[in-house]
Structures are given as structure tokens and as C-alpha cells.
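Enquirer: Sequence:
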Amino acid sequence: MKKPLELNTPKDININMGTVVRGAVLMLVVICLLFPYGAGAGSPGETKRELPCADGKCLEGKWLRPDGGYLLELKGVKPPGRVQAAYFNPKRINVGKSEWRGAEGQIQVFVELRDVNYPGSTYTLAYFPQDDTIRGYYYQAVHKQTFCVVFVRAK
Numbered sequence: 004m005k006k007p008l009e010l011n012t013p014k015d016i017n018i019n020m021g022t023v024v025r026g027a028v029l030m031l032v033v034i035c036l037l038f039p040y041g042a043g044a045g046s047p048g049e050t051k052r053e054l055p056c057a058d059g060k061c062l063e064g065k066w067l068r069p070d071g072g073y074l075l076e077l078k079g080v081k082p083p084g085r086v087q088a089a090y091f092n093p094k095r096i097n098v099g100k101s102e103w104r105g106a107e108g109q110i111q112v113f114v115e116l117r118d119v120n121y122p123g124s125t126y127t128l129a130y131f132p133q134d135d136t137i138r139g140y141y142y143q144a145v146h147k148q149t150f151c152v153v154f155v156r157a158k
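Residues in the sequence shown are numbered consecutively from 4, following this note's numbering.
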């Protein structure tokens with residue numbers, strides 16, 4: 004006679020939550036990299052996209068992250084790659100490094116934060132002229148997490 008099928012009960016299942024969380028974060032990062040927020044690949048026949056503002060001046064101004072009220076101020080944009088960045092949450096956070104470049108048909112900006120609770124947190128962003136936003140990824144160094152983020156131009 005066959006033995007009935009035995010199902011695992013919750014007490015029999017050993018789940019390592021750290022592994023589950025790391026797997027979920029990794030999956031989120033992969034999804035963000037494969038399908039960046041709002042990034043269009045262009046038409047199938049398109050081989051080269053023109054830069055929206057080759058001199059990078061479109062980056063200048065105050066940018067607000069609506070999901071938390073964080074403010075990124077970019078000024079003094081000069082080729083090749085120079086930009087002065089200031090970051091506020093709501094008080095000023097020290098910026099260790101900031102630069103911009105025109106690459107892959109986009110104007111991109113990189114900002115590294117170096118302060119208490121921001122030991123190497125970074126923003127890697129691209130400018131989207133169609134809705135005047137900068138979008139990309141925020142790496143939160145303390146918790147080793149990456150988030151998709153959007154900044155809108157502050158009025």
C-alpha cells in the first residue's frame with residue numbers, strides 16, 4: 004500500500020530571511036537595470052540619439068525628489084564634466100564628488116554623498132527632456148540598497 008503524500012508544514016520549512024531579502028533586492032536592481040524608469044530605447048531603426056543639451060546646461064537648477072522632499076541643486080555646469088552639486092535632506096549634506104557627461108544619447112549626472120549617514124551614498128541619474136526630469140538610481144550605502152528615483156525641477 005502506498006504511503007499518503009506528506010506536505011511540509013510551516014515548522015518543517017527553514018527560511019533564511021536574510022537570503023530572501025538579498026534576493027528581493029537583487030531582483031529589484033536587475034529589474035531597474037533592464038527596465039529603467041521611463042527610459043525609452045527609441046525606435047527599432049534608431050542607431051544614434053542626439054544629446055538633449057550637449058553643454059549640460061539643462062541640468063542646472065534645483066531638483067526636488069517628491070517621494071521625500073530631498074533637494075539636489077546643480078550649478079556651474081561646464082564641459083567636460085564639471086558640475087557643482089549641493090544636496091539637502093532638509094539640512095545640507097556634504098557632497099564628495101559630482102560630475103556630468105553626455106553618453107549613450109543622454110545627459111547623465113553622478114553625485115556622491117559623504118556625510119554622517121551618507122558614507123558613499125550615490126545618485127546616478129539621466130536627464131529626460133520630454134518631461135524635464137532627472138531619473139535613475141540612488142544607492143543608499145548604509146543599508147546597501149538601490150532605489151529607482153525621480154527628481155522634478157523645483158519651481
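No lab work stands behind these hints, which were simulated from the structure alone. Ideal Cβ placement from N, Cα and C applies to all residues, glycine included. There may be inaccurate statements among the hints.
[Stated by the list, open to error] Below, in silico cross-link-like pairs of lysine to aspartate or glutamate (EDC-like), each with a Cα-Cα straight-line distance of 16 Å or less:
| hint | residue 1 | residue 2 |
| --- | --- | --- |
| 1 | LYS158 | GLU76 |
| 2 | LYS147 | ASP134 |
| 3 | LYS100 | GLU115 |
| 4 | LYS158 | ASP58 |
| 5 | LYS65 | GLU53 |
| 6 | LYS100 | ASP134 |
| 7 | LYS81 | GLU63 |
| 8 | LYS60 | GLU115 |
| 9 | LYS60 | GLU102 |
| 10 | LYS60 | ASP70 |
| 11 | LYS78 | ASP58 |
| 12 | LYS147 | GLU102 |
| 13 | LYS81 | ASP58 |
| 14 | LYS81 | ASP70 |
| 15 | LYS94 | GLU107 |
| 16 | LYS78 | GLU107 |
| 17 | LYS78 | GLU53 |
| 18 | LYS94 | ASP58 |
| 19 | LYS65 | ASP135 |
| 20 | LYS147 | ASP135 |
| 21 | LYS94 | ASP118 |
[Claimed, not checked] What follows is a set of in silico ranges between Cβ atoms, one per label pair, in the way DEER data are often shown:
| hint | residue 1 | residue 2 | range |
| --- | --- | --- | --- |
| 22 | GLY79 | THR127 | 27 to 33 Å |
| 23 | ALA144 | PRO93 | 31 to 37 Å |
| 24 | GLY84 | ALA157 | 32 to 38 Å |
Enquirer: Now tell me if each hint is right for this structure.
Expert: Now the hints, each set against the structure:
no. : hint                       : verdict
1   : LYS158 x GLU76             : holds (12 Å)
2   : LYS147 x ASP134            : violated (30 Å)
3   : LYS100 x GLU115            : holds (5 Å)
4   : LYS158 x ASP58             : violated (22 Å)
5   : LYS65 x GLU53              : violated (24 Å)
6   : LYS100 x ASP134            : violated (27 Å)
7   : LYS81 x GLU63              : holds (10 Å)
8   : LYS60 x GLU115             : violated (20 Å)
9   : LYS60 x GLU102             : holds (13 Å)
10  : LYS60 x ASP70              : violated (25 Å)
11  : LYS78 x ASP58              : holds (13 Å)
12  : LYS147 x GLU102            : violated (22 Å)
13  : LYS81 x ASP58              : holds (7 Å)
14  : LYS81 x ASP70              : violated (29 Å)
15  : LYS94 x GLU107             : violated (34 Å)
16  : LYS78 x GLU107             : violated (23 Å)
17  : LYS78 x GLU53              : violated (23 Å)
18  : LYS94 x ASP58              : violated (30 Å)
19  : LYS65 x ASP135             : holds (12 Å)
20  : LYS147 x ASP135            : violated (29 Å)
21  : LYS94 x ASP118             : holds (12 Å)
22  : GLY79 x THR127: 27 to 33 Å : violated (20 Å)
23  : ALA144 x PRO93: 31 to 37 Å : violated (20 Å)
24  : GLY84 x ALA157: 32 to 38 Å : violated (24 Å)
The structure fails to meet hints 2, 4, 5, 6, 8, 10, 12, 14, 15, 16, 17, 18, 20, 22, 23 and 24 from the earlier list, while all remaining hints are met.
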